[in-house]
Amino acid sequence: MPIDSPYAELARRHARLFRLRHASAMLAWDRATMMPPGGLGARAAAEAELQLQALALRTDPAVGELLDGAAGEALGDWEAANLREMRRDWIDANAVPATVIERRALATADCELGWRRQRPQNDWQGYLPAFREVVAVSRDEARHLGDALGCGPYDALLQRYEPGIDSARVAELFDHLCEWLPALISRARARAGDLPPIGEVAISDQRRLARSLAGLLGFDFDHGRLDESAHPFTGGVPGDVRITTRFSEDALLQGINSTIHETGHARYVAGLPEAWREQPVGAARSFGVHESQSLGLEMQLARTPDFCARLAPLLVDAAGPRAAFEPASLYASMTRVQPGLIRVHADEPSYPMHVIARFRIERALIEGDIEAGDVPAMWDEQMVRLLDVDTRGNHRDGCLQDIHWSKGAFGYFPSYTLGAIYAAQLFAAMRAEVGDLGSRLRHGTLEPVFGWLQHHVWSQGCRFETDDLLRRATGSGLDTGPYRAHLLARYGNDADVPAGRDGQARGDGAAVEPGCNPAAGAGSSDRS
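In our numbering, the protein residues as written are 1 to 528.
These aren't lab readings, by the way, just hints derived from the structure by calculation. Mixed in with the good hints, there may be bad ones.
Said to hold, decoys possible - Label-pair ranges, simulated between beta-carbon atoms: (1) R160 with H455: 21 to 29 Å; (2) Q53 with E112: 55 to 63 Å; (3) R191 with A109: 44 to 52 Å.
Predicted model only: the values in this text are computed from it and were never measured. Even for Gly, the Cβ is constructed at its ideal location relative to N, Cα and C.
With the hints as extra help, turn the sequences into a complete structure.
Take a look at the structure:
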């Protein structure tokens, strides 16, 4: 590629963007882990300065001319994919007027601060005025972005997280889950028995265990750190990956699961194509694909009898022998089905129901079918319908439990369950190619697992759209069949669960929303 070509100039500009984002990621990681509270004001100014520099690069009018010029160049496969992602970024950066961006920043900062104060007090009415402004500006932003993309407002926001999929397809996928998943949850909950208590485990012991787990799963401590934060996350860039977890003396499994989950994210980041590290094509394909890598380790790999057999000795070394650390008891604890109020603590089959509720609410909110003040009523209705959980009057553990909407992150929630579907599809294909993973999980190396993911997912970055990535890795585009088969194998059987519609789910229109009540016929239900 000539060094003075339009494409080469675009590549130089995006390399600068990557470096600015690397710096921003480090500042954000430090803010969440080590920064003294008194540094918040100066840190916010520094982060804002970097964001302004990045925005100036993204919105420079010269970029549009360079994109047009590069479109006429003879580009290879990777370069063409890179140009596609550059244009996607250009459209997103320029679609929304600066006045809306500024208004959004002010509204979300005010709402997030209010959320942190008002959620502990269960104060929905105190929260509502700031939330109304976030909804209003998010609708405005979505309208501008939709005009640029030629789609509806909610679909425009969804594209930021899951390029290539629209809300009609998501609705069809989710309605399909509601045809069979509630019955599986109901049966699995009814079968849940008493388990030996895990008891308290010292935080210092959990820290050592977390490092051992991350190392077992291939986390590279020469190019990354494992720290603690209020909310576990993965940050940084390839070659400089930061993950966090959190510990509680009386919640050992939460620390274990969050460590495994974030290590999955970290392995994906570290495995992205090195040759394209500073370019858009070298980034993660989507939030859902990113989530598929964390859920691949946490759900597909770790929540198995064989992994529990490998984990058990590590627990005994960390905290001494306990009945709860026997492999069978450990597996039963990790796969216990007990629907509750809180999404982040939900069991594996209940979790999608939390996501579906949020998807339906935020879609209705952005499209104008409901107003901000209607959220608690729709939340209560959805939680009863989907999980038989009563949230009336409990805003703290209901519609105020997540921070996403306070930050204006509408369109994000579907990625969580799309990631679970992608993970099941990828791991089914992996098992068919690599063979039984059981013996490797118990005694051997996990490198065949990571080698398969590196070849089929990590090294591909954004080279392919999501459906094409899945098709090349598994032989099929997005397909809910492996996800259903996985949950049936772990939590139920075909006699328990309605047949539903297996196979590829293609969204050519939203289906009629079904009623979902997993507690029907299951005896007593959890209410609070």
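The hints, checked one at a time:
| no. | hint | in the structure |
| --- | --- | --- |
| 1 | R160 with H455: 21 to 29 Å | holds (28 Å) |
| 2 | Q53 with E112: 55 to 63 Å | violated (23 Å) |
| 3 | R191 with A109: 44 to 52 Å | holds (47 Å) |
Checked against the numbered hints above, the structure breaks only hint 2 and satisfies the rest.
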